[in-house]
Every structure is written in structure tokens, then in C-alpha cells.
Amino acid sequence: MFLDYLVLGATDAHETEFLNTGDILVTLVIFSILMLLLKKFAWGPLMGVMKQREDLIASEIEAAENSRLESHKLLEEQRSLLKEARTEAQGIVENAKKQGDVQREEIITAARAEANRLKESAVREIETEKDRAIAAVREEVVSLSVLAASKVLGKQISEEDNRALIEETIAKAGDVG
Amino acid sequence: MHHKNPTVEWLGLTFNLSNVLMLSVTALIVFLIAISATRRLSLKPTGMQNFMEWLMDFVKGIIKSNMDWKTGGRFHVLGITVLMFIFVANMLGLPFSIIVNGELWWKSPTADPTITMTLAVMVVVLTHFYAIKMKGLSEYGKDYLRPLPFLFPLKIIEEFANTLTLGLRLYGNIYAGEVLLGLLAGLGSAGIAGFAGALIPTMAWQGFSIFVGTIQAFIFCMLTMVYMAHKVNSDH
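Chains as they are written, first to last, in my numbering: chain A, 529 to 705; chain B, 44 to 279.
Hints listed in this document are in silico derivations from the structure and should not be mistaken for laboratory results.
Backbone N, C-alpha and C define an ideal beta-carbon position, used for all residues, glycine too.
Watch out, some of these pointers could steer you wrong.
[Unchecked claim] Here are a few chain A residues that face chain B, going by a calculated C-beta distance under 8 Å:
| no. | residue |
| --- | --- |
| 1 | Asp551 |
| 2 | Thr555 |
| 3 | Ile558 |
| 4 | Phe559 |
| 5 | Trp571 |
| 6 | Arg581 |
| 7 | Leu584 |
| 8 | Ala586 |
| 9 | Ile589 |
| 10 | Ala592 |
[What the hints assert, rightly or not] DMTMM-like mimics (lysine to aspartate or glutamate), calculated; alpha carbons at most 20 Å apart, straight line:
| no. | chain 1 | residue 1 | chain 2 | residue 2 |
| --- | --- | --- | --- | --- |
| 11 | A | Lys579 | B | Asp111 |
| 12 | A | Lys601 | A | Glu590 |
| 13 | B | Lys176 | B | Asp186 |
| 14 | A | Lys579 | B | Glu202 |
| 15 | B | Lys87 | A | Glu582 |
| 16 | B | Lys87 | A | Glu588 |
| 17 | A | Lys567 | B | Glu201 |
| 18 | A | Lys579 | B | Asp100 |
| 19 | A | Lys567 | B | Glu96 |
| 20 | A | Lys700 | A | Glu667 |
| 21 | A | Lys679 | A | Asp689 |
| 22 | A | Lys601 | A | Glu612 |
| 23 | B | Lys103 | A | Glu590 |
| 24 | A | Lys700 | A | Glu668 |
| 25 | A | Lys568 | B | Glu202 |
| 26 | A | Lys601 | A | Asp583 |
| 27 | A | Lys568 | B | Glu182 |
| 28 | A | Lys647 | A | Asp659 |
| 29 | B | Lys107 | A | Glu582 |
| 30 | B | Lys87 | A | Asp629 |
| 31 | A | Lys679 | A | Glu668 |
| 32 | A | Lys658 | A | Glu642 |
| 33 | A | Lys611 | A | Glu622 |
| 34 | B | Lys176 | B | Glu202 |
| 35 | B | Lys113 | B | Asp100 |
| 36 | B | Lys103 | A | Glu582 |
| 37 | B | Lys113 | A | Glu612 |
| 38 | B | Lys113 | A | Glu667 |
| 39 | B | Lys176 | B | Asp111 |
| 40 | B | Lys198 | B | Glu182 |
Turn these sequences into a full structure, and let the hints guide you.
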């Protein structure tokens, strides 16, 4: 009796006709309803989320690529700026050095000229002072000599004679001296 | 051990109430699984959402291996529903079967040839429908004369053979599994010795039936897409 199970449709061969028309209808209806419900409540939203994620990933990749390019550009910009700044700084230092040299030369020259000027004026002053002193000394000598001579001679000679005499004497003395 | 079916006549149609019950249970389980898995959708998937997304990608892979995604994308929902529906249907009969008053109530709905053939015919009709819709009636008709006109009779036979094998392959695998499980269960309930003898084979056969049920669900989905691609693709 076990062999009965192996015959196609053995379970319902006895009391029903082979074709269960109602079952066919029920199968189709249930499957269609299930598919529509799932599409509306499960697969649709799930597909939406998967699509959304796909879009998100794509846009994220794009954004990452963009920001990479931008950062690369900025880096280049910074690098060139740094280079520029460095050369500029070098130029400034060189300029300052040059200017310093020039200024030093100028200061030295000015100082030298000032020193020369001071020395010359000092020399000139000394010279005039010496001349004046000599002149004063001469005068003193003259008057002293007159006084001495008048005392020695004991006599009054005229002022003019006296003077001429003395001048002569001094000139002689100067020649001797 | 021989059992009848709980049949009812209504509006001139014959209903097998067991089939109606099991189809409803299958649809309910599939619906609950799908809904619970997609209840809280987020861009960063967790838990069941991961599984569902894997399933979607799996079916997508099946479709992509057969046709262009641009034409195949519309069959995505059909493919996933077929896969899950048949898988759950195959699994339902494995843990037990319930017989009330000699009438078989709980079993795999796919262990009934009426249901598997209905699904198969539905799939084949859909392939014809989409072929006409996407390529036009004349192009669809010319396909019967390709690659050579004298193969026309074979083309006609092919359509029926496809339908028949698609439905009966599923039915045969699942029905055979349930028959053997029924025999092993009968042996197991016969006595202590019978239980000891039936324990290992029953477990082995249940494990194998899980494998077969999974494979059959995959094959049904795969063949659905193969037939669809065969009809829809303009060059083959």
C-alpha cells in the first residue's frame, strides 16, 4: 500500500476530479496579491533605500574627488606663495645689507670730513691766536724797552724819536733773532 | 495511512481547502518576513535588512546573468516573490503534516501538482505577455520561425515542455520528499525499535529536503528568468 504514494495525484485520485479549478484560481489570486503587497510595502521601499544609498555613495565619491582636487590646488597655491615670500624676504635682506653698506660709507665719509674741518678750524684759530700773542708781546717789549731806556738815559726824548729808535732796534733784534 | 483531501464545491469550482489554507499560510509568512525585515529601513543596513538586501542582489544577479538589466529590472519583484514564496512553501511540509479525520490539512502547498503547474503556467504566460509587449506581435510571431522555419513544430512543443517540466520538477521533488518523510514518520511511530531505526534517516532526509527545497526555489526562479530572457531578448 506504500506504493500508492508514488503514483501521481494518488492523494486525490479517489473522490475528486483531477483538476481543482478553484485551487488554480486561489493560487493565482494569492500569489498576485502577495506580489502586489510586497511590492508596495517591502520591495519598493527597500529598492528605494538601496537606490538612495547608491546615489549617496556616488555623490560622496564625487565630493571626495572634488575636495581632493581643490586641496591639491590650494597646496600648489600655498607652495608658490611660500616660494614667492622666501625670494621676497631674501631680496629684502640683500637690499638692507646693501643699503647698510652704503649708509656706513656715507657716515664714515661725513665723519671724516667733519673731523678734517674741525682740525683745520682749530689750526687756523691757533695760528691767529699765536699771531695776536706775538703782536702783544712785541708791544709790551717795546714799551718796556722805552721805559728802561728812558730810565737809563735819564732824559726825555721825544716820543717820535724814541719810537723810531726802538722800532729800528727791534727790527735789528728780529733780524739777529 | 491513506488520506483524502478536504474538498469543497463552490460556484461550480472545486476547492481543496488544504491548498487554500497552506497557500494563505505561505503568503502570510512571506509577507511577515518581508515586512519585518523592511520595517526600519536605513542607509546603514542592520540585521534583517542586510539579509533582504543580499536576497535582492542575489535575484538581481540571477536576472543579470540572463539578460540586460535595463530589460530585466522590471522582473526583479517577480523574481524575489517567486523565490521567497516557493522556498517558504517547500519548507512548510518538512517539520510535520497534519491529518484530521483522514483528511490531509498541513503539507507543502508545492507538493500539489495543481499549484506548481499553476505557477509554471503563470510564469510562461507572463513570458509570452512581455514578449508581445516589448517586441510587438509580429516580431513575437517571427520568433517561432527562428532560427529555421521547419523547426516551428519543435518550437511549439518546447513551450509546452517548458511549462510541464517547470511545474512538475518542483512538484516531484517536494512531493517525493514528503512521501518519504511520511513513510519514515509511520515507521518512527510504530514502536521503540521503529523509532530508533527511523530517527537517523528522518533527520538526514529532513536535512536533505531543506537542501532540495532551497535548490528547487532557486531553480524555479532561475528558469523563470531564463524563459523570460529567451522570449524577451531580441537576439539569441
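We went through each hint and held it up to the structure:
Annotation: interface hint on Asp551/A holds; nearest CB of chain B at approximately 5 Å, less than 8 Å. Look at Thr555/A: its Cβ gets to within about 4 Å of chain B, closer than 8 Å, so that hint holds up. Hint status for Ile558/A: holds, given a least beta-carbon distance of 5 Å to chain B, under 8 Å. Hint status for Phe559/A: holds, given a least beta-carbon distance of 7 Å to chain B, under 8 Å.
Interface hint status for Trp571/A: upheld, as the beta-carbon distance to the closest one in chain B is roughly 5 Å, under 8 Å. Here the hint on Arg581/A is kept, as its CB sits about 5 Å from the closest CB of chain B, short of 8 Å. Below 8 Å, beta-carbon pairs count as interface contacts, and Leu584/A has one with chain B at about 6 Å; its hint therefore holds. Because the beta carbon of Ala586/A sits about 13 Å from the nearest beta carbon in chain B, more than 8 Å, this interface hint is broken.
Interface restraint check for Ile589/A: the shortest CB-CB distance to chain B comes to about 15 Å, outside 8 Å, so the restraint is violated. Because the beta carbon of Ala592/A sits about 17 Å from the nearest beta carbon in chain B, more than 8 Å, this interface hint is broken. Under the criterion of a C-alpha separation no larger than 20 Å, the hint pairing Lys579/A with Asp111/B is consistent with the structure, at around 18 Å. The hinted pair formed by Lys601/A and Glu590/A meets the criterion: a straight-line CA distance of about 17 Å does not exceed 20 Å.
Under the criterion of a C-alpha separation no larger than 20 Å, the hint pairing Lys176/B with Asp186/B is consistent with the structure, at around 14 Å. Between Lys579/A and Glu202/B the alpha-carbon distance is near 36 Å, which puts this suggested pair outside the 20 Å criterion. As the CA atoms of Lys87/B and Glu582/A are separated by approximately 12 Å, the hinted pair is consistent with the 20 Å bound. Restraint check for Lys87/B and Glu588/A: the C-alpha separation of about 15 Å stays at or below 20 Å, so the hint holds.
Distance restraint check for Lys567/A and Glu201/B: the Cα-Cα separation of roughly 32 Å exceeds the 20 Å cut-off, and the hinted pair is therefore not satisfied. Simply put, Lys579/A and Asp100/B have alpha-carbon atoms about 12 Å apart, close enough for the 20 Å limit, and the pair holds. For the given pair, Lys567/A sits about 14 Å from Glu96/B by alpha-carbon distance, which is consistent with the 20 Å threshold. Our distance criterion of 20 Å between C-alpha atoms is met by Lys700/A and Glu667/A, whose separation comes to about 16 Å.
Distance restraint check for Lys679/A and Asp689/A: the Cα-Cα separation of roughly 16 Å lies within the 20 Å cut-off, and the hinted pair is therefore satisfied. Distance hint between Lys601/A and Glu612/A is fulfilled; the C-alpha atoms sit about 16 Å from each other, no more than 20 Å. In summary, the hint linking Lys103/B to Glu590/A is not supported, as the alpha carbons are separated by about 26 Å, beyond the 20 Å threshold. This hinted pair checks out: Lys700/A and Glu668/A have alpha carbons roughly 17 Å apart, not beyond 20 Å.
A distance of roughly 32 Å separates the Cα atoms of Lys568/A and Glu202/B; the hinted pair therefore is violated under the 20 Å criterion. Among the hinted pairs, Lys601/A with Asp583/A is inconsistent with the structure: their alpha-carbon atoms are about 27 Å apart, more than 20 Å. For the hint linking Lys568/A to Glu182/B, the alpha-carbon distance of about 33 Å lies beyond 20 Å, and the restraint is violated. Between the alpha carbons of Lys647/A and Asp659/A the distance comes to roughly 18 Å, so the proposed pair stays at or under 20 Å and holds.
Between Lys107/B and Glu582/A, the direct Cα distance comes to roughly 18 Å. Compliance with the 20 Å bound is thereby established for this hinted pair. At roughly 72 Å between alpha-carbon atoms, Lys87/B and Asp629/A are farther apart than 20 Å, so this suggested pair is violated. Between the alpha carbons of Lys679/A and Glu668/A the distance comes to roughly 16 Å, so the proposed pair stays at or under 20 Å and holds. Among the hinted pairs, Lys658/A with Glu642/A is inconsistent with the structure: their alpha-carbon atoms are about 24 Å apart, more than 20 Å.
Using a Cα cut-off of 20 Å, the hinted pair Lys611/A and Glu622/A holds, with the two alpha carbons roughly 17 Å apart. Between Lys176/B and Glu202/B, the direct Cα distance comes to roughly 18 Å. Compliance with the 20 Å bound is thereby established for this hinted pair. Proposed proximity of Lys113/B and Asp100/B is supported: the alpha carbons are some 15 Å apart, at most 20 Å. Distance check on the hinted pair: Lys103/B and Glu582/A sit about 15 Å apart at the alpha-carbon level, within 20 Å; holds.
For the given pair, Lys113/B sits about 56 Å from Glu612/A by alpha-carbon distance, which is inconsistent with the 20 Å threshold. Between the alpha carbons of Lys113/B and Glu667/A the distance comes to roughly 137 Å, so the proposed pair goes past 20 Å and is violated. Using a Cα cut-off of 20 Å, the hinted pair Lys176/B and Asp111/B holds, with the two alpha carbons roughly 17 Å apart. Simply put, Lys198/B and Glu182/B have alpha-carbon atoms about 15 Å apart, close enough for the 20 Å limit, and the pair holds.
Checked against the numbered hints given earlier, this structure breaks hints 8, 9, 10, 14, 17, 23, 25, 26, 27, 30, 32, 37, 38; the rest are met.
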